[in-house]
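Each chain is listed here by its residues.
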Amino acid sequence: MTEDIQLISLLLTPLVGMLLLALAGRWPNLREAITLITAVVLFSESLKLAADVLGGARPALTLIEMLPGLTLRLAVEPLGAVFSVISSGLWIISTLYSIGYMRGNKEKKQTRFFVCFAGAIFAAQGIALAGNMLTLFMFYEAMTLITYPLVTHHGTDHARNSARTYLGVLLGTSIAFLLSGLLATWVIAGTLDFRQGGILVGHLGATGTALLLVLYMFGIGKAALMPFHRWLPAAMVAPTPVSALLHAVAVVKAGVFTIVKVIVYIFGTDNLMSLGSADWVPVIAGFSIISASIVALRADNLKRRLAYSTVSQLSYVTLAATLLAPISIVGAIMHIAAHALGKITLFFAAGSIYTAAHKTEVSQLDGIGRRMPWTMTAFSIGALSMIGLPPAAGFVSKWYILSAAMSLEHWLAVGVLVLSTLLNAGYFLPIVWRAFFREPPSADDAHHDAHHDAHHGAHGEAPLLMVFAQTTTAAMTIGLFFYHEPVLRLARAVAGAF
Amino acid sequence: MLTQHFPALLVVVPLMAAPLIVFARRSLASWLIALLATAVTFGIAASLLAQTLSDGTISYAMGSWEAPLGIEYRIDAAGAFVAVIVAAMGLIVMPYSRVGIATEVRSEEHYLYYALMMLCLAGLLGILVTGDAFNLFVFLEVSSLATYVLIAMGRDRRALVAAYQYLLMGTIGATLYVIGVGLLYLETGTLNLADMTTRLVEVGDSRGVLAALAFITVGISLKIALFPLHLWLPNAYAYAPSPVSAFLAATATKVSIYVLMRYFFTIFGSTEVFDARATGTILLGLSLAAMFVPAVVAIFQHDMKRLLAYSSVSQIGYITLGISLDSVEGLMASAMHLFNHALTKGGLFLVLGGVVLRCGGAGFDRLAGLGQTMPVAAFAMVVGGLSLIGVPGTAGFISKWYLVSAAMHEGQWWLVGAVLASSLLAVIYVWRFVEVAYFRAPPADHPAPGEAPLSMLLPALAMIAGCVYFGIDATWSSEVAMRVAEVLMYNPGVGQ
Chain A
42 MTEDIQLISL LLTPLVGMLL LALAGRWPNL REAITLITAV VLFSESLKLA ADVLGGARPA
102 LTLIEMLPGL TLRLAVEPLG AVFSVISSGL WIISTLYSIG YMRGNKEKKQ TRFFVCFAGA
162 IFAAQGIALA GNMLTLFMFY EAMTLITYPL VTHHGTDHAR NSARTYLGVL LGTSIAFLLS
222 GLLATWVIAG TLDFRQGGIL VGHLGATGTA LLLVLYMFGI GKAALMPFHR WLPAAMVAPT
282 PVSALLHAVA VVKAGVFTIV KVIVYIFGTD NLMSLGSADW VPVIAGFSII SASIVALRAD
342 NLKRRLAYST VSQLSYVTLA ATLLAPISIV GAIMHIAAHA LGKITLFFAA GSIYTAAHKT
402 EVSQLDGIGR RMPWTMTAFS IGALSMIGLP PAAGFVSKWY ILSAAMSLEH WLAVGVLVLS
462 TLLNAGYFLP IVWRAFFREP PSADDAHHDA HHDAHHGAHG EAPLLMVFAQ TTTAAMTIGL
522 FFYHEPVLRL ARAVAGAF
Chain B
56 MLTQHFPALL VVVPLMAAPL IVFARRSLAS WLIALLATAV TFGIAASLLA QTLSDGTISY
116 AMGSWEAPLG IEYRIDAAGA FVAVIVAAMG LIVMPYSRVG IATEVRSEEH YLYYALMMLC
176 LAGLLGILVT GDAFNLFVFL EVSSLATYVL IAMGRDRRAL VAAYQYLLMG TIGATLYVIG
236 VGLLYLETGT LNLADMTTRL VEVGDSRGVL AALAFITVGI SLKIALFPLH LWLPNAYAYA
296 PSPVSAFLAA TATKVSIYVL MRYFFTIFGS TEVFDARATG TILLGLSLAA MFVPAVVAIF
356 QHDMKRLLAY SSVSQIGYIT LGISLDSVEG LMASAMHLFN HALTKGGLFL VLGGVVLRCG
416 GAGFDRLAGL GQTMPVAAFA MVVGGLSLIG VPGTAGFISK WYLVSAAMHE GQWWLVGAVL
476 ASSLLAVIYV WRFVEVAYFR APPADHPAPG EAPLSMLLPA LAMIAGCVYF GIDATWSSEV
536 AMRVAEVLMY NPGVGQ
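For the record, the sequence lines run as chains A and B. Residues 42 to 539 in the working numbering are what the first sequence lists, from first letter to last. Residues 56 to 551 in the working numbering are what the second sequence lists, from first letter to last.
Keep in mind that a hint or two might mislead.
What the hints assert, rightly or not - Over 10 Å on every C-beta distance to chain A, these chain B residues come out as not near it, computed from the model: (1) Ala344; (2) Phe419; (3) Ile453; (4) Ser460; (5) Ser478.
As the list claims (entries may be wrong) - According to the in silico footprint, chain A covers these stretches of chain B (three or more CB under 8 Å from chain A): (6) 175-188; (7) 436-449; (8) 470-476.
Simulated from the structure, these hints should not be mistaken for lab results. We put the beta carbon where it would ideally sit given N, CA and C, even for glycine.
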């Protein structure tokens, strides 16, 4: 009974938060207090749940029988606990950041913004706790729809057109592929529950399994596997806090989370390994990693560069999951956590630069590290994590993925990982170098910039809340490098080995 | 006992209400009578459904004249299911009509509106309850004639043309149907549907039967608005008064679909229709065309009523697709979508009625900025639209779920792709509305309308809420739909 309440409250908390936020729209301070309190309450509930799961508990709850034989069901397993903690924990920090950003930039429709934000977190919790594929699918679609108003926040033609891409790709892939995959699984296996070892074992031959896997891999558009990645750069039209929490953490992680979940609990790693039906996925994922990195290398717009970096990093998770070894599954889960912390830091920094200096292009960032040392230090730590260098969390996950690829003698994966590390360094380090080691543009150099500065005044650091947020996530990125024991234990429980 | 006369009362109550309303004449009195009559009718329909679900088919000899001399009324779970949809829609539209027709129908014609709605209701319910092929034709005409006049009541002068167009097409349809019935009478010597069913087996394969099947199929398809026989529908829905559009969208085509199912599965028998002839293949082809062509046309509309009308033609394709699969699962998916689509489209038209009242039209130029000016209505339209797409958590999703799994059960894997691809077209036409409502500034001459009056808003919202409710808890609706499919397919009760 208490378990039931525990599960239900993880969904109800953000839902009640949404309602109160909508009601408190007229009083910004109260509204923001409600967001913050909701986030803190949710995070503590989520931590409690993760602690229970670490202790061996597997709470489950059937909400309603939707169709005869098919229920909406919540069931927690270690992977879901990891995702729940990440999304709710980072919500607190990004709420602080959002408050600074939305006020600093005098954005309109802030109530709608905070309500939809809470809605997206609600959907993320639902995805994390889903006990079967149908429940997961419902929250997955809900997440697409509730983030639509966030992407179109500015209401401009550009926002509308980008949101068309966003919605078109995400709804299109999920209806055309994921839903057919789901229905096929239901017809073939007679169940949609998540079970250790998978539910398709013995029901489907190698070719059938491979075809079904195609539907899932491309149907989960939120994982941004090429060629269905375009929604992610399109989503960058949203205000930066949205890009930071949703399009670097909640939404995209929902995608790769679903991929890991499907590989482990629907198909079963051993089943896929023995059938050899997943052999093609690392190739596509490798292609995504490399080509997205090359696009990122050429992108001058900072957020666009970060978006393509995300496309590339998401495919790390897909690649790791489809290597199918227990240690690679661990790597995939570690990377979900590590990339979340690193990428949110990078986006926070990008938003700080925009708010303080009104700069959006990489080429404008010469010498900005002198004016915004905190921001650019945080950015550098995030970049280290993306490249996969110690002492940042990205190193740990990359280590696991690389050693899995080595021990499997999967040389393609090894090659992709090495090459992409070089490419990552190639598009992140120049930004750090520019910011700290190049002279800021002088007034004669760029009339436009001079005018720009005159207009906005000489800038310093971003608002305090934003600096605080990005420093915290940067510190966590380093913290996770030294202390990742709980995540590792949860990840091992998912992989079911060593 | 009164309950044993329920099959007759289902028709008699609204039928008798019509002349009473004409006598009453005044708008308020007519409305009260109509409201009372629909409430009673709904109660009867609901109790008939409960009865048929527990006890099976009910047979009632009209005026105690036993069939085949008299006209038998015969209702089973399938008929009662559709009757409940029709009666419920009537009950929802009536409270709505009071304000809903105030600006759209001239006040001296209000009593006519209510009287005709009663006749239309009686006709539709009669089709569902009668066990006689010719009597079915009579009720078809009763409902159709009432419908023509109701459409013509629309404020827009084009409503007259639309009504005339429907009159022509509807009459052709009814004529074809009655020719088909004549041929069947020639072959079997009976008009009683149950008798006809058993005698058709004895008659076996004959040209007469084949011709009858062809006439009846085409005739009813005209009333269904099965693509490409749908040309009357968009104009009729677009120019009729709003409550009429909502009522027709939810009921008229659905009842005709029921008739088609009845003839295909019960009377001719599915072996005759599907195995011996190419009917199934033809229906499949037309259903696929219906799912795509009108959906594309809907994308290019500039008027929300027309958009929804074309969407209806497209959604009818899903229902007939289920029929063409010739399996219990397919039929169940059809019955499910019949219910879910009535709920969704009825709700959407009701919401739209309120919007038309406030904005003075359903053209996209009038609906611009609706998200600001009428936030509740705009949001309700979006939710209904999501149900048209079939987003999980809405009724439309359940339909799609069953339709796709029925196709999979039949091994028709390519149909899966077709159904889902057509949902993507729905995404596009629904999102046209979203962008108009949320990304365009309200028109300059807009009188800052505010939401529709509660008497219109509440029934509309109730239906939209139903879309969500039946999308999350679909156990009841799917169990009933399964019973309906079994009754139609295995036909218990015939020859008893």
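So, going through the hints one by one against the coordinates:
| no. | hint | in the structure |
| --- | --- | --- |
| 1 | Ala344 | 20 Å, holds |
| 2 | Phe419 | 15 Å, holds |
| 3 | Ile453 | 7 Å, violated |
| 4 | Ser460 | 6 Å, violated |
| 5 | Ser478 | 5 Å, violated |
| 6 | 175-188 | violated (count 0) |
| 7 | 436-449 | holds (count 6) |
| 8 | 470-476 | holds (count 4) |
The structure fails to meet hints 3, 4, 5, 6 from the earlier list, while all remaining hints are met.
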